[in-house]
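Colleague: Protein chains in written order, with full-length UniProt numbering: chain E, 1 to 230; chain S, 1 to 303.
Keep in mind that the hints were calculated from the coordinates and are not lab data.
Bear in mind the structure is a predicted one, so any value in this text is a computation, not a measurement.
Incorrect hints may appear among the rest.
Each computed DSSO-like pair below joins lysine-lysine, with the alpha-carbon atoms no more than 27 Å apart [as the list claims (entries may be wrong)]:
(1) S/Lys302 x E/Lys49
(2) S/Lys10 x E/Lys75
(3) S/Lys87 x S/Lys65
(4) S/Lys171 x S/Lys135
(5) S/Lys10 x E/Lys118
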Amino acid sequence: MIAFQDVTKTYIGNGNRIIALDDVTFRINPKEFVSLVGRSGAGKSTIVKLLIGEEKPDKGRIIFGSYDVNKLEPKELPELRRHIGVVFQDFKLLPNKTAYENVTFALEVAGRPDKEIKEFTPKILELVGLKERMENFPKELSGGELQRVAIARALIHNPDVLVADEPTGNLDPITSQELIRLLLTINEMGTTVILATHNKDIINNLERRVILLENGKVIRDEEKGRYILI
Amino acid sequence: MLTNLSRIIKFGLQRFWRNGWLSTVTIAIMFLALIVFGGINLFNVLAKTALFSIQERIDISVFFKKTTSEDEILKIQSVVKTLPEAKSIEYITADKALEIFKERYKDDETIAQAIEQSGENPLLASINIKAYDPKQYQVIASFLEGEEFKNAIERVSYDERNAKMIDRLVKIIDTTKLFGLSLTAFLTLVAVLITFTAIGLAIYSSRDEIAIIKLVGGTNFFTTGPYIIEGITYGLIAAILSTIIIWPLVYFASPYVKNFIPEMNLRQYFASHFFIILFQQILFGIVVGVTSSIIAVRRYLKV
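The task is simple: from the sequences and hints, build the whole structure.
Modeller: Have a look at this one:
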């Protein structure tokens, strides 16, 4: 279970105070598929950053399972992050590691045994359709392939939650559709999926829960919601 | 723990190998810094030998009257021995002094003839005293010039001229020591700063990678580890390369050094101290490499 309770987050830029999240409250249940939607700058990425402890809120409380996220010490964050798989907008792949190594890396940092890593990784790469390119370095892969490596890495340690931050931002419509189908499959397998996007078509075809954000506020939260611009 | 350690070593070596160009540049810079460090160490050895050689040449001689018996001389010798300032004492009998004199002037017939004709030994028995510190000769000389020994001692070879020369040498020795120490401190600092900058820049280019490792659940130990291994590898390779380069330089410079300091055989010194020098270079390389890596990575760990 994920809960944001009265969370406010501001940034200081060029001497101005920018409100990224303003008194945001919502709750996500296990195995849900939730889309966080809104224009660029609405606060979607801030929610992702707060959830994985990359940033701290000015006010409010963030709960993830048994973790009180903003009260965690820096040394406790790795443990939390191993429960959440994140697909970052800019992929965040290690440039000097092959696709295979980028994926196994998430298990290696968690101290999982080599045998388990060798067994799991080809399966995950097959699930995301990248088995043929696993020995290639990121610079040798297309945008869609990079996105798939990022998803494979996020999934490899069997996280409770998969967070995808604008995963279709760099992809063509067909690849975007394939990616969303993959996220749905992952959700059907029992993983909570949080999809942050501003892609209207994708949301409207999904027919899943939608949390609409604008100027850092939650302005709508609907089961089987649609993305309607106001 | 063992699995983590072996993974950290694997990632460190992988980074080192795959960032080939960056690793080469960093090693090249560290190599130059280590040449400076190795050079300072050799310079210090040369300076120490040169100073020691000068100090060894300084002594004072106490000449005894013809009438002073050997027993008395030995008694005075044993008194001098008890002085804390005296390092070594050598007793030269009048006969021994003559022998040395004859040997020294064996090619000069006039002197040889003059000694033959005089029929008796004109030289005096003496003791040569070396002090631990050149500054202590004044103390020893004053002690021997005292009333107590006036009847036995003819003269102490520590006159004003001698005193001035020793005084000047003492000043040269002190200044050289201070200069050597300052130069060592300064150049070591330069070597450390150069290495720190080189490694700092190499890690600056990896700051995004550090953030990624943290975001996928890497602990600080796991994130920093590979960079420490990289720092060790840089230091080790640069140290070995610098020692290999210093070797022919030492061989080339050795005869020239011998001209200035006859006691110093640089080649022999380098050969007999090779492993100590290599160890010093490796230790310096690794300590500075690892410290620089840790300091540089720490800056980007707050994710």
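Colleague: Could you work out which of the previously given hints the structure breaks and list their numbers from low to high?
Modeller: Checked against the structure, no hint fails, so every one of them is satisfied.
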